[in-house]
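S.K.: Chain by chain, the residues:
Protein chains: 2
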Amino acid sequence: MKASVLFSGGKDSSLSAILLDQFFDVELVTCSFSVLPIGDIAKEVAEKMGFPHRVLKLDDEILENAFNIIVKDGFPKNAINYIHHKAVETLASDDVAVIADGIRRDDRVPLLTNPQIHSIEDRYGVYYICPLLGYGRAAVNALVEQYLVITEGQSDDIIKADYETELREVIRQKIGQDEIDKIFPSHVQSRVIGRVK
Amino acid sequence: MKASVLFSGGKDSSLSAILLDQFFDVELVTCSFSVLPIGDIAKEVAEKMGFPHRVLKLDDEILENAFNIIVKDGFPKNAINYIHHKAVETLASDDVAVIADGIRRDDRVPLLTNPQIHSIEDRYGVYYICPLLGYGRAAVNALVEQYLVITEGQSDDIIKADYETELREVIRQKIGQDEIDKIFPSHVQSRVIGRVK
Numbered sequence: 000m001k002a003s004v005l006f007s008g009g010k011d012s013s014l015s016a017i018l019l020d021q022f023f024d025v026e027l028v029t030c031s032f033s034v035l036p037i038g039d040i041a042k043e044v045a046e047k048m049g050f051p052h053r054v055l056k057l058d059d060e061i062l063e064n065a066f067n068i069i070v071k072d073g074f075p076k077n078a079i080n081y082i083h084h085k086a087v088e089t090l091a092s093d094d095v096a097v098i099a100d101g102i103r104r105d106d107r108v109p110l111l112t113n114p115q116i117h118s119i120e121d122r123y124g125v126y127y128i129c130p131l132l133g134y135g136r137a138a139v140n141a142l143v144e145q146y147l148v149i150t151e152g153q154s155d156d157i158i159k160a161d162y163e164t165e166l167r168e169v170i171r172q173k174i175g176q177d178e179i180d181k182i183f184p185s186h187v188q189s190r191v192i193g194r195v196k
Numbered sequence: 000m001k002a003s004v005l006f007s008g009g010k011d012s013s014l015s016a017i018l019l020d021q022f023f024d025v026e027l028v029t030c031s032f033s034v035l036p037i038g039d040i041a042k043e044v045a046e047k048m049g050f051p052h053r054v055l056k057l058d059d060e061i062l063e064n065a066f067n068i069i070v071k072d073g074f075p076k077n078a079i080n081y082i083h084h085k086a087v088e089t090l091a092s093d094d095v096a097v098i099a100d101g102i103r104r105d106d107r108v109p110l111l112t113n114p115q116i117h118s119i120e121d122r123y124g125v126y127y128i129c130p131l132l133g134y135g136r137a138a139v140n141a142l143v144e145q146y147l148v149i150t151e152g153q154s155d156d157i158i159k160a161d162y163e164t165e166l167r168e169v170i171r172q173k174i175g176q177d178e179i180d181k182i183f184p185s186h187v188q189s190r191v192i193g194r195v196k
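Line by line, the protein sequences give chains A and B.
Residues 0 to 196 (numbering that gives the first Met the number 0) make up the first sequence, in order.
Residues 0 to 196 (numbering that gives the first Met the number 0) make up the second sequence, in order.
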């Protein structure tokens with residue numbers, strides 16, 4: 000069975016792919032609005048991991064709606080969850096069998112609710128699985144240390160192939176850098192730079 | 000790293016062990032009050048699966064408390080969750096590194112709360128992981144079909160090495176069979192009878 004893993008180039012989505020590798024034909028899928036070349040960044044990581052990779056273009060309207068949500072809210076949670084929900088729906092409608100999401104036990108964003116998950120599984124006939132949902136941060140880090148080589152830094156310095164990166168860029172273009180610093184809390188990002196074989 | 004998988008001989012705990020096999024040194028652990036020979040039943044399944052197995056004796060007091068809870072409640076949820084919490088604590092204090100639990104996304108019993116999980120991880124210095132927590136029933140069944148041979152039947156007919164089996168037996172001994180039928184909803188149980196290599 001083929002599994003399409005939502006892939007940001009970070010450690011959680013990379014580890015999810017590794018956990019599934021023995022049981023599924025894994026492909027990595029990076030969702031992008033083509034605002035920044037995040038598809039290329041992710042492809043480079045995917046090659047180092049040894050998995051096939053493709054970029055899924057998301058509708059510009061989704062990004063516009065997310066921009067309106069985040070400006071209204073003043074914080075990123077709802078906008079990121081909105082993009083994630085639409086991204087999973089877009090991928091589900093794209094003739095896939097299994098969608099895998101790298102969310103961990105203690106993550107709150109981006110998170111689908113159980114009703115959203117059941118609705119997507121029923122409407123599109125797919126399995127939506129989260130291989131790391133039953134793992135805490137420390138257990139994930141122990142596995143990452145064993146199977147991946149990563150680099151970490153503040154979210155300003157590490158360009159990741161995730162929704163936040165393009166949403167920040169749109170805010171920068173439309174309102175300016177100052178607004179980004181107000182809306183997004185600074186947090187540590189990881190990017191995978193290799194796989195331990 | 001060694002992972003101790005809570006093992007009932009059912010499909011969920013068996014599949015959990017298979018998912019972890021590539022990444023951990025898996026041992027299967029069956030918790031028992033020695034009211035019924037469920038340790039022997041589980042050992043037989045574990046041998047078919049090709050994993051080392053041991054039985055962890057739980058304190059009789061836990062079963063007595065659970066009996067009092069279930070008789071007071073008239074339904075099994077709280078008593079089963081109580082035993083599970085105590086079983087995980089007992090195993091955590093038994094010099095293990097990783098405890099794995101076969102619960103699925105849509106299971107409600109037996110379920111630890113996130114505060115209970117964090118408390119156990121902090122107090123005992125263990126990782127508590129649930130490899131199937133991010134999988135729905137249909138996705139689990141698809142993997143089971145590929146990797147396990149199972150038999151299914153009503154909970155009266157299939158003797159499983161789980162908490163419910165011994166709790167039912169204590170109720171039968173102390174109050175009688177009629178009470179079991181009132182307290183426990185009839186439901187389909189699975190037992191693993193082989194592994195697809």
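Quick caveat, the hints were computed from the structure, so don't treat them as lab data.
Be aware that one or more of the hints could be misleading.
[Said to hold, decoys possible] Here are the simulated BS3-like pairs of lysine-lysine, each with C-alpha atoms no more than 25 angstroms apart in a straight line:
#1 A:Lys85 - A:Lys71
#2 B:Lys47 - B:Lys196
#3 B:Lys1 - A:Lys196
#4 A:Lys173 - A:Lys159
#5 B:Lys71 - B:Lys173
#6 A:Lys56 - A:Lys196
#7 B:Lys196 - A:Lys196
#8 A:Lys1 - B:Lys196
#9 A:Lys159 - A:Lys85
[To be verified] Covered stretches of chain B (in silico footprint by chain A; criterion: 3 or more residues with CB under 8 angstroms from a CB of chain A, positions within the stretch not fixed):
#10 16-29
#11 126-137
From a predicted model like this one, the values you see are computed outputs, not experimental measurements.
Beta carbons are placed, not taken as given, at the ideal position from N, Cα and C, and that holds for glycine.
S.K.: List in ascending order the numbers of the hints, as given earlier, that are violated by the structure.
M.R.: 6
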